[in-house]
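Q: Dock chain R against the given chain W, drawing on the hints supplied.
Protein sequence lines, in the order shown, are assigned to chains W and R. One point on numbering: in our numbering, the residue at position 80 of the first sequence is 80, and numbering is uninterrupted. One point on numbering: in our numbering, the residue at position 100 of the second sequence is 100, and numbering is uninterrupted.
To be clear, the hints were calculated from the coordinates, so they are not data collected in a lab. Hints may contain errors.
[Stated by the list, open to error] Here's a subset of chain W near chain R, in silico, CB distances under 7 Å, partners left out:
hint	residue
1	V34
2	K52
3	A56
4	S80
5	T105
Glycine included, C-beta positions come from ideal geometry on N, C-alpha and C.
Given next are the chains, with one letter for each unit.
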Amino acid sequence: MRQALLVWTAALTLLIATDEAIAHAMLDHAEPRVGNTVASPPHEVTLYFTQKLEPAFSTITVTNAAGQRIDSGKTRVSGSQMSISLKPGGSGTYHVNWRVLSVDTHTTDGNFTFQVGQ
Amino acid sequence: MSWPEAGLGDGLIAVRAVHFAASAIAAGALIFRSVVAEPAAVVAPEALPVLAAQVRLVAWTSFVAAVVTGLGWLLLATMQITGASLWEALMQDGLSTVVEVTQFGQVAVIRLGLAVLLAIGLAGERVWRLRWLTLASALAFAGAIAWTGHAGSTAGDLGMLHLVSDVLHLWAAAAWTGGLVLLAGLLTSSTRHQSPAWRKLELDAIARFSILGMVAVATLVLSGVINAWIIVGTWQVLLGTAYGELLLAKIAVVALMIAFACVNRFWLTPQLAAKADASRRLARNSGIEFALGLAVFAIVGALGLQHPMIHP
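Only chain W is shown next, with the shape it has when bound in the complex (with noise of 0.2 Å):
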């Protein structure tokens, strides 16, 4: 019985150790930046996410203030990095809707926006 509590303390010792977390499929950060404003209308945008993502179901899609769709319609994926390019939208708020689905096939999704020239 010593010999499993000894083994036990250790173990939750390590976990009390321990601070870093790591969020499952989410978005870790954007470029452009979420919320953030950029000069001019951007050619691409890009996600990053804490886990890797299966391209054939995770799908970007973008508006521009108008509520136009300017993105190409062809997102491209690399392990936990995904990004889509843009059509010329103009100045204004644009929302990018964003749906993965992570390898171990949990679905997440979830939206931002962020500014052009204002």
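A: What follows is chain R alone, placed relative to chain W:
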């Protein structure tokens, strides 16, 4: 969550739980044969056919359960990923798409190939060389589960550490739970036969299983801490999410299993030579420990479907 989604989720938990348990028990039975039963049976060759029959029964039963639930898991996961009905998943391109383009589907195909190798090995186990193929394919079949879960999707440098840790976790769980089934069978047979040779075999087998069990528990705890550090990371997530609650429940049941293992090792085992009913009590405790192991697999069936960062 709608009723169909809730039903799909419950179905996924059930097939995953049975699949993990069955895959682990199949591998654990073959580990037990190689490192406990056969070396211990040197002192009682007449026991070998009895032990071999027990290994075959446990390995085949768990193998069939693992294959059936593995196919069920693939189908239900396809329905979840594609949003297709069972009919659409089977008759349209849902299943083929998941198999062709997702890591989960590709791992499922590789594991199906390993299952075929395992079946060939089990069927031809009387040929010496196939016995090692059987053990290797069973270990690979169980260990490859790591690529279907959280460990398989961890990005960056931690990804390889997570995979190695998860594979070791699965093998240790297999050695412990699968071994317990056969240890209980061996002890029951020994009680039934009541011969000096069986008695010697029993003592040697328990000594060997004690070492196997201690290595397995140490590996489980160490790899479990690494996995928890990578997936959970903080006390807030451990204590404040559905994932954390399930993980704590799993740790509590494993702690109970370790307590039973300690009673078996440090209290009942020393009594084996002196007290006649110690071996029967040891078999009973091994059965209870195994039942707790099945509860752990049930929790793991649900755990892998949870998002660690989403609060309940």
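Q: Could you run down the list of hints and mark each one as holding or not?
A: How the hints compare with the structure:
no. : hint : verdict
1   : V34  : violated, 17 Å
2   : K52  : holds, 5 Å
3   : A56  : holds, 4 Å
4   : S80  : holds, 4 Å
5   : T105 : holds, 5 Å
In summary, the one numbered hint that this structure violates is 1.
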